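Guided by the hints, dock chain W onto chain A, whose structure is given.
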Amino acid sequence: MKCVLVATEGAEVLFYWMDKEFEESLRLKFGQSECEGAGLPTLEDQLSTLLAPVIISSMTMLEKLSDTYTCFSTENGNYLYVLHLFGECLFIAINGDRTEGEGDLRQKLCVLKYLFEVHFGLVTVDGQIIRKELRPPDLEQRVQVWEHFQSLLWTYSHLREQEQCFAVEAVERLIHPQLCKLCIEALERHVIQAINTSPKRAGEEALHAFLLVHSKLLAFYSSHSASSLRPADLLALILLVQDLYPSESTAEDNDTQETDSFSPAEEYFTPAPSPGEQSSGSTVWLEEGTPPTDASQVQVAEDTLQTLVPHSPGPSSPRRIFLDTSVKENYCPMVPHTMYCLPLWPGINMVVLTKGPNTPLALVLYQLLDGFSLLEKKLKEGQEVGSTLRSHPLMGDLRQRMDKFVKSRGGQELQSTWLEFKTKAFSRSEPGSSWELLQACRRVKRQLCTIYRLSFLAAAPGRGGPHLPQHLQDRVQTLMQEKLTDWKDFLLVKSRRNVTMVSYLEDFPGLVHFIYVDRTTGQMVAPSLSSSERTSSELGKGPLATFVRTKVWALIRLARRYLQKGYTTLLFREGDFYCSYFLWFENEMGYKLQIIDVPVLSDDAAPVGMLGGDYYRKLLRYYSKGHPAEAVRCHELLALHLSVIPVDVLVQQAGELARRLGEASHVPLL
Amino acid sequence: MAASDSTETKSASWWSYFFLYDGSKVKGEGDPTRAGICYFYPSQTLLDQQELLCGQIAGVVHCISDISGSPLTFVRLRKLKFAIKVDGDYLWVLGCAVELPDGSCKQLLDQLIGVFTFYNGPVSLAYESGSREELSAGWDTFIEQILSNTSDLHRIFNSLWNLDRTKVEPLLLLKAALILQTCQRSRHVLAGCILYKGLIVSTQLPPSLTAKVLFHPAAPRDQGPPPGGDALQEGGAALPPDVQIRPVFVTEEEAVSLYEFPGEPVTSTPASAARLQEPSAQHPPKGWSTPAPKENNPGHTEAMAWGLATTPEPTTPNTVWPDGSGENGHWCGRDWESVGPAKPRHSARGRGPGLGRALVKEPGLSWGKEELDLSEIHIPEAQETETSSGYSAFPHVRAPEGAGPGCEESGSDSGSPEPKSPKAPPVGTAIGGLLPPSAPEMLMQNGAQEWLGHLSGDSSQAPVPGEDHLLARTSGPLPACCSDSGQTGTELPVGGQGEEQRDDGGPESCPGPGPKCDSGSADPPGDDLSADRTDSRSAPASSVGLVRMNLYTHCVKGLVLSLLAEEPLLGDDAAIEEVYHGSLASLNGLEVHLQETLPQDQAAPAPPGRAYSFTHYDRIQNVLTANLPQVATAQDRRFLQAVSLMHSDFAQLPTLYEVTVRNASTAVYACCNPVQETYFQQLAPVARGSGFPSPQDSAFGLPGKARQKLLKHGVNLL
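Chains A and W, in that order, are what the protein sequence lines are.
Heads up: the first sequence begins at 1 in UniProt numbering, then just goes up one per residue.
Heads up: the second sequence begins at 1 in UniProt numbering, then just goes up one per residue.
Take these hints with a grain of salt, some might be off.
Beyond 12 Å from chain W on every Cβ pair, some chain A residues (computed) [said to hold, decoys possible]:
| # | residue |
| --- | --- |
| 1 | E12 |
| 2 | L47 |
| 3 | G127 |
| 4 | V143 |
| 5 | T359 |
| 6 | R443 |
| 7 | R446 |
| 8 | D486 |
| 9 | S528 |
| 10 | K565 |
| 11 | Y567 |
| 12 | E574 |
| 13 | K592 |
| 14 | D648 |
Each computed BS3-like pair below joins lysine-lysine, with the alpha-carbon atoms no more than 27 Å apart [said to hold, decoys possible]:
| # | chain 1 | residue 1 | chain 2 | residue 2 |
| --- | --- | --- | --- | --- |
| 15 | W | K79 | A | K64 |
| 16 | A | K565 | W | K79 |
| 17 | W | K79 | A | K618 |
| 18 | A | K592 | A | K618 |
| 19 | A | K200 | A | K592 |
| 20 | W | K79 | A | K380 |
| 21 | W | K79 | A | K377 |
| 22 | W | K79 | A | K29 |
Just some of the chain W residues that point at chain A, by a computed CB distance under 7 Å [said to hold, decoys possible]:
| # | residue |
| --- | --- |
| 23 | W14 |
| 24 | S68 |
| 25 | P71 |
| 26 | V86 |
| 27 | V631 |
Just so you know, the hints here were simulated from the structure itself, not pulled from any lab data.
Note that the coordinates shown come from a computational prediction; the quantities given were computed from them, not determined experimentally.
We put the beta carbon where it would ideally sit given N, CA and C, even for glycine.
Looking at chain W on its own, in the form it has when it is part of the complex:
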């Protein structure tokens, strides 16, 4: 459900305070506390009150951390709760109402810090180089944006804001994905996402990055130079209209994941079938094995998975989110990792590791030079490998696909389980045939990625369980294509019919697939997800490993295309032109279609006859599906209360599968697995029982009802 327009939360009684406090400014006895207050929300709070909160909480943080030997992260009062993050001398504090689950409060704070760091760099740097006023203004709009867009459910899950896919023509989603893939083929561009009126239409980014792009004060607003960044560079280049490029800071994990995905597809194209077969045999599983360190492999796999996911989406629009698909990929990666069966992969990586590590480290080290290093290193390898083992990369990709579908089905599939797997493979093959773009270009652009792909491929020697399947499925042409192919496959038919494809791929439709594949792989967000998620949630603020990148945003009315690119993009007018012109027509087309298709009343009340409420949370993609109305009724509030309780318990008790709770007024059923959580409440007035155990109690029939009713929402609980 889309929370875009919800105004209900404006009052924001749930959000009490947010402040950033710099302890280094208040060292001496005489230093006033106010000197350390960098930002305080709400700003109309009396200064005395601000000082009280900052001073007391800073004191308690110090004291408790001292006794416990681990940093204080959470403080609860009778009517308030504070999530706290210590970052060197800086103290981030978010105060929420007690009704909000503890975990959600902490996650939200991590998210806030992540967004700030993304646009401004490490907090210490940002406040040294930028003025407090400017940064505060940025905070104000940012917080405003969150408050006006966060529904009750989003608050509990800290999920991303999505377009309700059930309300959009699936082809449009597909088209959006294709636009992204096309852009990805441009120099420097790594991955991106498309938003419409603040909601995600399609994303290749891991959820943590998507969230950061999503929270962006819509490109136009910040015409001014970004506080921490280099505004100058921007000025230097004459940007096309409606386009903005600003420097951003990506965490190392996110950077790694960004690099991982794209490589594969590129390589795949040139190598074509021959490569596939050989390498695949040799280096089968690595890539898809994902479990290995966050670095390369996971990325590939995820990418693959993502690709798959994306493909299925079009077919089963309801459940699968464009973004989600990417995440699905993630999920696969994750799953494997978590499951731990594929551990051998690690060893397999062994080879890759060298490279992989290099990559990983690079971002951190290079800071300025990252690009060069990456490109240099990767490119050579990529080329070589490509020709020789380039396929390996593909196989990986494919493997993921094969694996992907399975994974997806289990996980996010809830929505769209059936069609995906079958579709994906055929597509892949088809694409393979189509694809091969110019190998060199590919290499150039995605050198790093490719390289990664190689790594994964090589390393993948270890026997991966899923590989065989993958291979079998992918055995067709190009694996890389496959991932995309999934999409393309679907698309192709579509494309032939519709014109949308053209828009997307433009003339290069053929090559498009290749790139698309890459983009699909780009989704590697999967890796990011696993890495990011944990990271972002646990320790997003760490300013240590930040990688500078460029964020390219192009607004077409309500539609925003956001692309993450390597830094040189800003100086590379040709590349910018390429991206711009490559996507402009498609974006315009997409915008028009979305505007026509999308019901004006996103916030439309749920159908009057609503017989039940449900919420389906995709843990991997961090997105929600639900049918709650914008304005909660009493029964909805009861539902929300139960959901927040159970969500907390699911997070804490890993072996908890199903919960049914009941009070006199309502009964709520919930179930979860590693990739999703589902909550179900029946709205029909229930005859009050006694509470005595009785099979007639409708509460115990909820699981069956949920299974039956939710199928049509694409949630499969079987």
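Next up, chain A with everything else stripped away, as it sits in the complex:
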């Protein structure tokens, strides 16, 4: 009984996702109306009908009380509703089977919002335009867009339940230094350099390339000119790849939804999945893709957006994605990139990220949009009116930059909008009211967003925009396949048995499981933990493995909850286990720094994690303020012990374990 809904203030559905049980409950509820002849309203309409009162009430409360709903629960916690307002869009997550807590639901909403950003970039800044992107007037297009994100949510939900890396939200490495080195060399020479030296690259510049074995990272290489890739973005890309090419074992699990289960491969990997199943997986993907539009038909006026013609890219066609970068020391979020996902073998994929020639435009647009957003905020709060606004330092700078941009860019509509704003804001004769200014400011923003959208979304590679020629893609793909062909089977097995607990049992008696996370690099190490029917782990199959898994997941959840409330150490005994959690900071040399009081967050804050809100990046920034001179690293250790182990021994073990893992992780792998 799960459902996610994104709606506008007016209860217009921008996106929804639900599982079969929830759909069934809707059917029961609206069943009677069916016989009346009009036919069953679509799911979308049903949802809107049901939840409209809540959405509207939530907006009313915001308006009248400056506060709004964040959570509902019904008797005995049978149903849980989590609401989160992002800009003008209200996100609602519902759980009716008690399998998810408030934190889980909020996390899901934040991840969904993040996925929207990855797909639409700064277009998400403007409520009007993102509305059109998420809900194209054309029904067929709408179905495509929604199916794409529905599938992503399924994949995310599944990965979060199955993969430790998604449970703690960190990238899991495949630990094999020798092979890693080999791959990095290959990525550098045969992929990045090969592409960037090719005359036919159509202005695209390859920035990053990496290899994934299932959801684990084997090797990563960035070109010298590239800014570093945020771990959160990397994890999001892994999610996209998993969604594009679900692990082959997924298809074998035919008991659940198509993308619903990614049970790991068997102990001894069987390479070729049955063709039928495989194809069924990919057909789904043929119908989906990024929100389609056709550059040829694009016009500036926003009301013509709906005329854009869909173009469904195949699964392997390049995609437009938006990632954070630092360009020339300037932080710039959501810079357009093109992602090429090149499958080498089932379960093993190579991803290449390129940027197009017009990246600087993205930076300029971001700065302008940022400025206007700030202005809008001030206007909304009613702080700046009339002369104070004109003299505001922000305004001068913004005006100068905007003038320059308009001159270089042209565009009649932009020009007139900007002129209108200037009249309202700077004219001494007829200064506009605060409300008029706000409207003018929004119009300028919308124009900027439209340009952004036209430049990066409408001209997306998937829609016929510039991208690497197919033969170039094929070449690097083949080259990489040749390099790895001897390792293929090994890699697939290795990915399932990455780190084994066996190597720790002797030194740490009583230790059942652990997860070690380097939050600076966003990477984690943990013994493999698989409870799949088909895979045996050290814990055996079935109930025991499942039991330990639930313990670990519960530990993760509780640790997050307490970290959110400012506790960096947690130790608790539940049943026959001791669960412990530690967070600490150290400098580059591994010297342990003094802990500080970390912020206590409210229940409706973005949950602790990386994908939705990037808590750890903020935490590191917060801590670094007190340590400006040195690079600060943040680590976490989660451990599960048998409760017969005395606490002091447990803590000692945890310390020793962290020390050992820390040393190992200092070996650079990237």
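For chain W alone, kept in the frame of chain A given last:
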């Protein structure tokens, strides 16, 4: 710790809104929302704002309940949270600050509804028959009372306000218990509690009922006729000075528990030893098995347990609360139930059930007639059984005792583990000898109770594990006495020495024990507890099963004696006289002693050298022991924050035993079991670590420290 005088909470930033909304008044399009607002706190809220909140929340409640198929109970905003209860057309809403744990907010609302219903009856009835102004005035004083008396910790746990027992002479507590037991022997009187300056001195009631009596706008205030009740009756009888009797409404479960306890002791007295032995053998465990349905057995057992608990109290004053003891009893019952080992008991009850059920149903059905039915039915049986199997009842009682001590120890004993068990048995025997009051009287009064006792006894045939022990222990004279005997036993010596006893029992000291036992059993609150608690917390407001009773309150300066009695009490001048005169002298004496003993500065700051903070919460009795000062320091606030987090988790994760949390400023250790939760924080400045796992981190030494330090507070974590 007593929160009585704390003024810190007056600002009440934690309590934002409370309102009662009648949706039936706002059905049509044109109906103004304000028409449905029965009560709104704070009353100075702008009407528009009131309408906004009522209208929006009512709308959301409707919508969400519709989608989910289960009622909406909780809404959180960014800066507010609302506990919500739907009761027919009525909507109860309590708005609190977000810092208050969700669960506490819900519990508080349930408590509010419970208190309202207790004094006014079902909400719909109350608002039909009473005027909004009067009811609102009642709410105002009530809320005022809560706000001025609720400390940070009480807010988190929704615990009852207790006298700090460590500051009171144990004998006084004992005396209070005896007063209650004496009163219980009077006609119609079922059970009661004694409050001093708004704090519980002793109670025989289950926590849910105690809370309702506790929240009572102190008797004197409400001279006017109670809104929903029959004021007329009051007027009819000329009540003794300082006495007030008002009709109240008790939930069915509470009523059942009230009836259960008293029976046993009475019967026991007459039957005496002979009965004991025989019946006990036959019907051993039922009563004590408690696990059985809430109805009879649990009551007995609990009662027993309670009795035991009470006895121990005197000895180990620190931990055990008078009230608590009763609850302890409960706990036993609960425990068993929850544990589920004793299930056979249910079957045992089989016999009893018939009767038991009858009883249970009666309250609901009878409404007006309850008394008659009960008395009729029960009395005959009681008599018969008494003579024949009356003992069975006793055995039960005893059994509980035996069981009780054990239970208590495990649970609430934290405070006073050691002495209880040993003491109880001997006492019991002693009492048995002493007891036998007039059997007939007993029967008359507690017919129902007795009856119950029988039931339990009979039904108890099923082999109860604890029985044997019980029997063995109780083997002595009268089991019923035993429970009391625990107390009496202790008392007796005391009594002989001190005069207090006399006050309590008066001339009838001998019979007193018997009755006392009953009262002890009366504590059956235990049952109530289990039943009530769950009920009250989950669905207190249900107006369906309410039983009318009379609440007799007698104020002697700061001291208030509150007794729950069957309805006829109001018309029975003789009975009132009896209660009044039977308790007046003792109450006066108790009041004087309490005033002398009790330090004026209840709110005294914690000792300056305080090296640690702790809170010990008794889940069964719903009482707290703590050493936090009235005004929280920064470190105390950190402690409170951790406590509220962990308390929520303990409530949600039943397998969670121990938690240690740490941030840069403090470390807090907590542990819990089914009957108690304990929180411990060391105040000595701790060298800041790195957070890296290190055995030197003092946080991991907290469990040991807590065990060692808390022993002297009567909290046993071993």
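Structure-based check of each hint:
no.: 1; hint: E12; in the structure: holds, 17 Å
no.: 2; hint: L47; in the structure: violated, 10 Å
no.: 3; hint: G127; in the structure: holds, 20 Å
no.: 4; hint: V143; in the structure: holds, 24 Å
no.: 5; hint: T359; in the structure: holds, 38 Å
no.: 6; hint: R443; in the structure: holds, 30 Å
no.: 7; hint: R446; in the structure: holds, 28 Å
no.: 8; hint: D486; in the structure: holds, 41 Å
no.: 9; hint: S528; in the structure: holds, 23 Å
no.: 10; hint: K565; in the structure: violated, 6 Å
no.: 11; hint: Y567; in the structure: violated, 4 Å
no.: 12; hint: E574; in the structure: violated, 5 Å
no.: 13; hint: K592; in the structure: violated, 4 Å
no.: 14; hint: D648; in the structure: violated, 5 Å
no.: 15; hint: W/K79 to A/K64; in the structure: holds, 14 Å
no.: 16; hint: A/K565 to W/K79; in the structure: holds, 16 Å
no.: 17; hint: W/K79 to A/K618; in the structure: holds, 23 Å
no.: 18; hint: A/K592 to A/K618; in the structure: holds, 20 Å
no.: 19; hint: A/K200 to A/K592; in the structure: violated, 50 Å
no.: 20; hint: W/K79 to A/K380; in the structure: holds, 21 Å
no.: 21; hint: W/K79 to A/K377; in the structure: holds, 21 Å
no.: 22; hint: W/K79 to A/K29; in the structure: violated, 34 Å
no.: 23; hint: W14; in the structure: violated, 15 Å
no.: 24; hint: S68; in the structure: holds, 4 Å
no.: 25; hint: P71; in the structure: holds, 5 Å
no.: 26; hint: V86; in the structure: violated, 9 Å
no.: 27; hint: V631; in the structure: violated, 21 Å
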